[in-house]
Amino acid sequence: QDKTVKIGVLTDNSGLYSDLGGAGSTLAAQMAIEDSGLAAKGWKIDLISADHQNKPDIATTIARQWIDVEKVDIFMDVLNSGVALAVNNVVKEKNSILIDTGAATSDLTNAQCSPNTIHWVYDTYMLANSTGQALVKAGGDSWFFLTADYAFGAALERDTAAVVQKAGGKVLGSVKHPLNSSDFSSFLLQAQASKAKIVGLANAGGDTTNSIKQAAEFGIVAGGQKLAGLLLFITDVHSLGLNVAQGLNFTETFYWDLNDGTRAFSKRFSERMKNKAMPSMVQAGVYSGLVHYFKALEAMGGNPHDGAKAVEKMKSMPTDDPLFGQGSIRVDGRKIHPAYLFEVKKPSESKGPWDYYKLVGTVPADQAFRPLSESVCPLVKK
Amino acid sequence: MRGQGEICLADEFILETEGLTKEFAGFFAVRDVALKVRRGSIHALIGPNGAGKTTCFNLLTKFLKPSAGKILYKGQDITAMAPADVARMGLVRSFQISAVFPHLTALENVRVALQRQHGSSFDFWRSKSVLNRFNDRARELLNDVGLSEFANTPAVEMPYGRKRALEIATTLALDPEMMLLDEPMAGMGHEDIDKIAALIKRISAKYTILMVEHNLSVVANLSDIITVLTRGQVLAQGHYSELTKDERVKEAYLGAGHA
Amino acid sequence: MTTLTDDTLRATPRAMRDEMIVFVVMALLLAAVPFTGVYPFFVMQALCFALLACAFNLLIGYGGLLSFGHAMFLGTAGYCSAHALKVWGLPPELGILVGVAAAFALSIVTGYISIRRQGIYFSMITLALSQLLYFIYLQAPFTHGEDGIQGIPQGHMFGVLDLSKPTVLYYVVLAGFLAGFLLIFRIINSPFGEVLKSIRENEQRAISLGYRTDQYKFLAFVLSGTLAGFAGSLKVFVAQNASLTDVHWSMSGEVVLMTLVGGLGTIFGPVVGAFVIIAMQQYLASFGQWVTVIQGSIFVICVLTFRRGVIGEIAHYFRRSL
Amino acid sequence: MQALYAQLLVGLINGSFYALLSLGLAVIFGMLNIINFAHGALYMMGAFVAYFLLNLGGINYWWALLLAPIIVGIFGMILERTMLQWLTGLDHLYGLLLTFGIALIVQGVFQNYFGSSGLPYAIPDQLKGGMNLGFMFLPIYRGWVVVFSLVVCLATWFLIEKTQLGAYLRAATENPTLVRAFGINVPRMITLTYGLGVGLAALAGVLSAPINQVRPLMGADLIIVVFAVVVIGGMGSIMGSIITGFALGVIEGLTKYFYPEASNTVVFVLMVLVLLVKPTGLTGRAA
Amino acid sequence: MPDTAIAEAPARTATGGNILQVRNLEAWYGESHILHGINFDVNAGEVVTLLGRNGAGKTTTLKSIMGIIGKRTGSVKFNNQEIIRATSDRIARMGIAFCPEERGIFASLDVRENLMLPPVVREGGLPLEQIFDLFPNLKERLNSQGTKLSGGEQQMLAIARILRTGASFLMLDEPTEGLAPVIIQQIGHTIARLKKEGFTILLVEQNFRFASTVADRYYIVEHGKVIDGFANSELSANMNKLHTYLGV
Ligand SMILES: Nc1ncnc2c1ncn2[C@@H]1O[C@H](COP(=O)(O)OP(=O)(O)OP(=O)(O)O)[C@@H](O)[C@H]1O
Ligand SMILES: Nc1ncnc2c1ncn2[C@@H]1O[C@H](COP(=O)(O)OP(=O)(O)OP(=O)(O)O)[C@@H](O)[C@H]1O
Ligand SMILES: CC(C)C[C@H](N)C(=O)O
Ligand SMILES: [Mg+2]
Ligand SMILES: [Mg+2]
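Sequence lines, in order, name chains Z, X, L, H and F. The first sequence begins at 1 in the numbering used here and counts up one residue at a time. The second sequence begins at 1 in the numbering used here and counts up one residue at a time. The third sequence begins at 1 in the numbering used here and counts up one residue at a time. The fourth sequence begins at 1 in the numbering used here and counts up one residue at a time. The fifth sequence begins at 1 in the numbering used here and counts up one residue at a time.
Hints are computed from structural coordinates only; laboratory data are not their basis. Nothing here was measured: the structure is a model prediction, and the numbers come from that model. For each residue, glycine too, the CB sits at the ideal point set by N, CA and C. Careful: at least some of the hints might be erroneous.
Below, a list of computed lysine-lysine pairs in the DSS-like style, where the Cα atoms sit at most 27 angstroms apart [as the list claims (entries may be wrong)]:
{"no.": "1", "chain 1": "X", "residue 1": "Lys70", "chain 2": "F", "residue 2": "Lys148"}
{"no.": "2", "chain 1": "Z", "residue 1": "Lys315", "chain 2": "Z", "residue 2": "Lys41"}
{"no.": "3", "chain 1": "F", "residue 1": "Lys241", "chain 2": "X", "residue 2": "Lys195"}
{"no.": "4", "chain 1": "H", "residue 1": "Lys162", "chain 2": "F", "residue 2": "Lys148"}
{"no.": "5", "chain 1": "X", "residue 1": "Lys65", "chain 2": "F", "residue 2": "Lys148"}
{"no.": "6", "chain 1": "L", "residue 1": "Lys86", "chain 2": "Z", "residue 2": "Lys92"}
{"no.": "7", "chain 1": "L", "residue 1": "Lys165", "chain 2": "Z", "residue 2": "Lys92"}
{"no.": "8", "chain 1": "Z", "residue 1": "Lys71", "chain 2": "L", "residue 2": "Lys165"}
{"no.": "9", "chain 1": "H", "residue 1": "Lys128", "chain 2": "Z", "residue 2": "Lys195"}
{"no.": "10", "chain 1": "Z", "residue 1": "Lys226", "chain 2": "Z", "residue 2": "Lys351"}
{"no.": "11", "chain 1": "F", "residue 1": "Lys139", "chain 2": "X", "residue 2": "Lys250"}
{"no.": "12", "chain 1": "Z", "residue 1": "Lys226", "chain 2": "H", "residue 2": "Lys128"}
{"no.": "13", "chain 1": "Z", "residue 1": "Lys170", "chain 2": "Z", "residue 2": "Lys195"}
{"no.": "14", "chain 1": "H", "residue 1": "Lys162", "chain 2": "F", "residue 2": "Lys139"}
{"no.": "15", "chain 1": "Z", "residue 1": "Lys315", "chain 2": "Z", "residue 2": "Lys381"}
{"no.": "16", "chain 1": "Z", "residue 1": "Lys267", "chain 2": "Z", "residue 2": "Lys295"}
{"no.": "17", "chain 1": "Z", "residue 1": "Lys6", "chain 2": "L", "residue 2": "Lys165"}
{"no.": "18", "chain 1": "F", "residue 1": "Lys225", "chain 2": "X", "residue 2": "Lys195"}
{"no.": "19", "chain 1": "Z", "residue 1": "Lys6", "chain 2": "Z", "residue 2": "Lys313"}
{"no.": "20", "chain 1": "H", "residue 1": "Lys278", "chain 2": "F", "residue 2": "Lys148"}
{"no.": "21", "chain 1": "L", "residue 1": "Lys165", "chain 2": "Z", "residue 2": "Lys94"}
{"no.": "22", "chain 1": "H", "residue 1": "Lys278", "chain 2": "X", "residue 2": "Lys65"}
{"no.": "23", "chain 1": "H", "residue 1": "Lys128", "chain 2": "Z", "residue 2": "Lys346"}
{"no.": "24", "chain 1": "L", "residue 1": "Lys165", "chain 2": "Z", "residue 2": "Lys309"}
{"no.": "25", "chain 1": "F", "residue 1": "Lys196", "chain 2": "F", "residue 2": "Lys139"}
{"no.": "26", "chain 1": "Z", "residue 1": "Lys345", "chain 2": "H", "residue 2": "Lys128"}
{"no.": "27", "chain 1": "Z", "residue 1": "Lys94", "chain 2": "L", "residue 2": "Lys86"}
FRET-style restraints, in silico, Cβ to Cβ [as the list claims (entries may be wrong)]:
{"no.": "28", "chain 1": "H", "residue 1": "Arg188", "chain 2": "X", "residue 2": "Glu247", "range": "49 to 57 angstroms"}
{"no.": "29", "chain 1": "H", "residue 1": "Leu4", "chain 2": "Z", "residue 2": "Glu374", "range": "41 to 49 angstroms"}
{"no.": "30", "chain 1": "H", "residue 1": "Leu56", "chain 2": "F", "residue 2": "Trp28", "range": "50 to 58 angstroms"}
{"no.": "31", "chain 1": "H", "residue 1": "Tyr259", "chain 2": "Z", "residue 2": "Ala39", "range": "57 to 65 angstroms"}
All chains should be modelled from the sequences, with the hints used to inform the complete structure.
If you want it as structure tokens, here you go:
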């Protein structure tokens, strides 16, 4: 049996999202390889990485070349929904493997699901479901959305609005802002004027941090409204600083300070990062996904170089790793694990660098994601 | 000689203007000019600097829009036409500051003009070797202005005086009916001046020429009739010999030295 | 404004012969690619961009018009072809036709608006128009916004050529590129091309010779836009997607870069430039975060040391026009 | 109606950034004939220098307002001396390409060391808080930005359009050789001018640090809009870019109110319209 | 941008001393070698005219002296100071002013700004009133854009603006081109007057008739070399030569 494996980390190395994936994802993959101990058992594992620049077309070109020339077996990370959907197609066509840990769109396991793809960390449905429900339950029954004007933002808004309404809340309005805006004052003024209790931020990265920062400046939170970052990463909180970010509620599936397992990994990770950053959930997902992939390979006794077959095997095994705990992979490719509702600490509560979150709730694994009954994925037999 | 025009038939005048006026923000560069250019003549336009000669040319060739007045060319009102269309009617100008295609060779400069007339200038699917049929005519024209040896020199590398000659050759290539020459001799050496003067004389048999020139010996030798402009208005008109006796012209233009 | 091209090199009959020789060598080299083990998708992609850059070069290098919005033709044709192939299920040849026709129509409209503007204003109005179009494509449902049109079927060209086979696709793309390239070559060396060059040199003089210069610039614009569209349609088959990247202003900028790196106003320059830039994007991708720094350094070095571009420098060295 | 006033005011605030940035760009274009694509990166550097001054040197906002433009300006002058000056007399395109390359390098380096998501910079204590204007809550800091940039813009305009130095600069743009032959040290003057333009960008960077995140890509997103402002104002026209800068801010504000999706695009609509009606921009001279 | 290191100016009234000495001056435009060893002298208070066919290298000579030709070798001494290596701004501040053939009027400046542009390098330039006396057109058009002036007016402006600077050594490249005869006469008078005031003038002229009214001495330039030279007093004896050289 062939015991060579090639892993490709395809991520944003230079753009908007490079902090939450980028070099950290490559490091996570490296650590997964080292920790697997497979080298000692005669496996030869190579790792390459590339920058997809958030462009679907560049990503597909790289993907094809990786499969055809570099003989890459598995794609990791692939954050950005547009890129992920494009790579998803190539991977399926060429029977390779995609473990996506960064993209948000739940389409990857719904309309566009594929026997070659696993969606590992989170998705829009889960974010909406968890954060939305929790906030409405806590009394936030009227919402106004600030939405990034593209598919990801729209999906996030749509899913969240549905959850809010189902839980008895009202959506008072929404405003779409162009992707990568630097000024949100106008939009925030509209949110303010709406008098909604919750201002939902259906955006990501710099858009989210900028809206939060400027909301503070315009006295939105001081005026009694609450912000909900629907997709927030620890790197975003880090760049905002606790002063501004305190009190925000949002959902992640990984936090470095969750338990001993996550702490141990994160400490090792952070030491090897140039800026000593703690891992984001995307980066953690890369580690976790690879750990499971290696298990499947070992179980098969060698690398079949057949994507669908390897994914099949992965789906058949329960997952277990120190970062995401125990879980499983559903037939539609959705990795299942609990989701955690966090609140950002006050500066006074923080005990040191990167001590940012306190856990306020947990959504159990079986409720966190879109139920199979609602799925339109053709892999789901009904 | 004024008034002669009125006796003659209207189509004796290839170009006529009535009340031609150009105002730049309150400044009248050309004011109420009535100009009649006789077909086949060499008509000189002289006047002190800033009198409005170049502006007049710009108006006639439509590079400027008149503020008022009318321009008739071959009996047709061209006041509202576009510059390229005026050129197509055979009214072609040269520029006061020399205008060539700097990185084309002299031959190519002339060929561009020949090509316009003989069509095929929109043909992007044909080889440019079809243009070679213009080479002979182009060489002939270069020869006429004494530029044979420069045929393959890019215009930018030619001395100033030669560029002026090239410009004339290019203009001639259009086979115009009327040429407007703005200081064709400016900056030329004596030999060249004589050459070009002879050339203008020669071609005037076929074309009507309206020219601006400060070189008085050239004006004296070449022109059939002279119009003197000052401050945008016609001061006097007549033959050289008459004008040199006109005190107003002396004072405004010729200066004391000219007896 | 100084001219951008190295005009000490003029097309003489000998130069034309040189160019033909280089062309044949290039065609043969490209035709041999599938036998060399070079990754054909890389070459195909580069060919599409090369055609785009050549079309762009026709406008700037020979017409003196710097379009800063050429991506709009690439993207428009791409989207239209993609839609025709995927949604209407048209065969490849008709898909290409739809894309090219769209680019043709677009270039007529945008050309009509922009051509009357001079110099930097022309550049800026083309940029503005392409940004408007970007906005439309961002909003229009058929483009699928940020996600783009994905998974486009390649189909059988003329019913027989199976484009999902890399080698077949390669030769089809190569044929398309060579056809486009030859057309551009011919345009440059046509009577029309001569007039275009003289307009670039001295527009006022050209007008005074009786040329309605706007019409010539317009025709050049439409030709260039349509050919750029052709490149966009071909690209759909290679990439199997159509996305906003192709209409973004940075794509227009990239075309300028390719042309400059290869050599503005040289016939082969844009081709070389496209290969260089695409190769850079591909092979630098593994340098991780340093990509932009490396890329930036290359531009700086290019501008400071060999400004004529790769081909421009070679041509200058051998005193040949290429 | 109240909301509309608020949007207009907010628009004016953004306009002051456009005005400051496009002003620097216009100075550089007008005087050096360089389309300075590095402007966004230098703006970003201004913000970063302010951040370093505060966090490494304990130097506060007010000093940063003075020092950052000088430091970045010197950096700009070094760029001019070592690279840009070799491009005099060449087509715009080369300057654009070179500065684009510089922007990539600068942004890349900053990204490598500081990541892409940005660093916080606090509003100085004196300018914290806000005023209730009745129709909106105006953060005092934003009010300060409008006033301050207006003053800087007008001072720059005066310097360039109304002084002998300005005449030298404008003349040197057209024909540096001749101006030099009149006895003016043109290369030095050009270097200083580039420094001035760059300093203005850095100043805008410092001003924006407390509002926006200090991010390596903060300028990259802005540059193309600022270009549009310069073009609409008439390339190189100082007053044109100041007025257009402020006006664009207001128009964007209106767009955000009526049709927010188009707020990033409205500037280009404007540009097409202006160029169709006035081919050389609002106050521009012929290209 | 004041540059203080300026060589001491010659006393304006001292005539006779050698003020400019050009030896073996060679110059290139890129690859093309234009001047092949120019030699001549100008004495203080003289009007010296360079004559020669189109393309002989007259303009290039002036530009080389002014330091605005990329590559030049040989020796140019102004007041016994070597200036072949100096930059043009230094040369200007030593008291040499240049009026270029193509006039060099600035489009972005109005007439007044164009006129006031060259910095005053020392005292003794013509006051504005005198300049307006010489060129009344300019006074009228002071607020127009520089390049909107007529060709001749631009020429006047180009001459006028260097008279202001106080430079005592003027180089005029075809100053009469495109001017009306009246104005040419005036310029003739002006040159005579400047000379009286102690200016030294190096003139390039095609208009021989004009040159002969003002020049003290002539040099003939051909193919980048000075091939002959004589004083105005020897003019009639040299008419033959002039005829062969220039076709006058
Ligand atoms: N576009 C313009 N705007 C303002 N004034 C102008 C413009 N064009 C010309 N003028 C003015 O109109 C007058 C006439 O200029 P014109 O160029 O016609 O003179 P000219 O007779 O050709 O003189 P010259 O013999 O010196 O060439 C001048 O005073 C000039 O300043
Ligand atoms: N920029 C340039 N590049 C290349 N060659 C040039 C350039 N300028 C001038 N020349 C060449 O240099 C030679 C001398 O030119 P120069 O201008 O000095 O002549 P000139 O004696 O002043 O002539 P004219 O009386 O026509 O002004 C000419 O052959 C000319 O073609
Ligand atoms: C924040 C990102 C990693 C997710 C991204 N916005 C997406 O499109 O999926
Ligand atoms: Mg004139
Ligand atoms: Mg000369």
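Hint check results:
Proposed proximity of X:Lys70 and F:Lys148 is supported: the alpha carbons are some 24 angstroms apart, at most 27 angstroms. Distance check on the hinted pair: Z:Lys315 and Z:Lys41 sit about 24 angstroms apart at the alpha-carbon level, within 27 angstroms; holds. Restraint check for F:Lys241 and X:Lys195: the C-alpha separation of about 20 angstroms stays at or below 27 angstroms, so the hint holds. Distance restraint check for H:Lys162 and F:Lys148: the Cα-Cα separation of roughly 21 angstroms lies within the 27 angstroms cut-off, and the hinted pair is therefore satisfied.
About 16 angstroms separates the Cα atoms of X:Lys65 and F:Lys148, which keeps this hinted pair within 27 angstroms; it holds. This hinted pair checks out: L:Lys86 and Z:Lys92 have alpha carbons roughly 18 angstroms apart, not beyond 27 angstroms. For the suggested pair L:Lys165 and Z:Lys92, the alpha carbons sit about 17 angstroms apart, so the restraint of at most 27 angstroms is met. Restraint check for Z:Lys71 and L:Lys165: the C-alpha separation of about 18 angstroms stays at or below 27 angstroms, so the hint holds.
With a C-alpha separation of about 24 angstroms, the suggested pair H:Lys128 and Z:Lys195 falls inside the 27 angstroms cut-off, and the hint holds. Proximity of Z:Lys226 to Z:Lys351 is assessed by CA-CA distance (about 25 angstroms); at most 27 angstroms being required, the pair is judged to hold. Among the hinted pairs, F:Lys139 with X:Lys250 is consistent with the structure: their alpha-carbon atoms are about 22 angstroms apart, no more than 27 angstroms. Restraint check for Z:Lys226 and H:Lys128: satisfied, since their Cα atoms lie roughly 21 angstroms apart, inside the 27 angstroms limit.
For the proposed pair Z:Lys170 and Z:Lys195, the alpha carbon gap of about 12 angstroms is at most 27 angstroms, so the pair holds. Between the alpha carbons of H:Lys162 and F:Lys139 the distance comes to roughly 21 angstroms, so the proposed pair stays at or under 27 angstroms and holds. With a C-alpha separation of about 15 angstroms, the suggested pair Z:Lys315 and Z:Lys381 falls inside the 27 angstroms cut-off, and the hint holds. Our distance criterion of 27 angstroms between C-alpha atoms is met by Z:Lys267 and Z:Lys295, whose separation comes to about 24 angstroms.
Proposed proximity of Z:Lys6 and L:Lys165 is supported: the alpha carbons are some 25 angstroms apart, at most 27 angstroms. Restraint check: the Cα-Cα separation between F:Lys225 and X:Lys195 comes to about 25 angstroms, which is no more than 27 angstroms; the hinted pair holds. Straight-line distance between C-alpha atoms of Z:Lys6 and Z:Lys313 comes to about 18 angstroms, which keeps the hinted pair within the 27 angstroms bound. For the hint linking H:Lys278 to F:Lys148, the alpha-carbon distance of about 20 angstroms falls within 27 angstroms, and the restraint holds.
Of the supplied pair hints, the one linking L:Lys165 and Z:Lys94 holds, its CA atoms being roughly 13 angstroms apart against a limit of 27 angstroms. Simply put, H:Lys278 and X:Lys65 have alpha-carbon atoms about 17 angstroms apart, close enough for the 27 angstroms limit, and the pair holds. As the CA atoms of H:Lys128 and Z:Lys346 are separated by approximately 20 angstroms, the hinted pair is consistent with the 27 angstroms bound. Using a Cα cut-off of 27 angstroms, the hinted pair L:Lys165 and Z:Lys309 holds, with the two alpha carbons roughly 24 angstroms apart.
Only pairs whose Cα atoms come within 27 angstroms are accepted, and F:Lys196 paired with F:Lys139 is accepted, the gap being roughly 25 angstroms. Note on Z:Lys345 and H:Lys128: the hinted pairing holds, with a Cα-Cα distance of about 23 angstroms set against a maximum of 27 angstroms. At roughly 19 angstroms between alpha-carbon atoms, Z:Lys94 and L:Lys86 fall within 27 angstroms of each other, so this suggested pair holds. Evaluation of the 49 to 57 angstroms hint for H:Arg188 and X:Glu247 yields a pass: the beta carbon distance comes to about 55 angstroms.
Checked against the hint of 41 to 49 angstroms, the pair H:Leu4 and Z:Glu374 passes, with Cβ atoms roughly 42 angstroms apart. H:Leu56 and F:Trp28 have their C-beta atoms about 52 angstroms apart, which keeps the hinted 50 to 58 angstroms range intact. A beta carbon spacing of about 58 angstroms between H:Tyr259 and Z:Ala39 agrees with the range 57 to 65 angstroms that was offered as a hint.
In the structure shown, no violation is registered for any of the earlier numbered hints.
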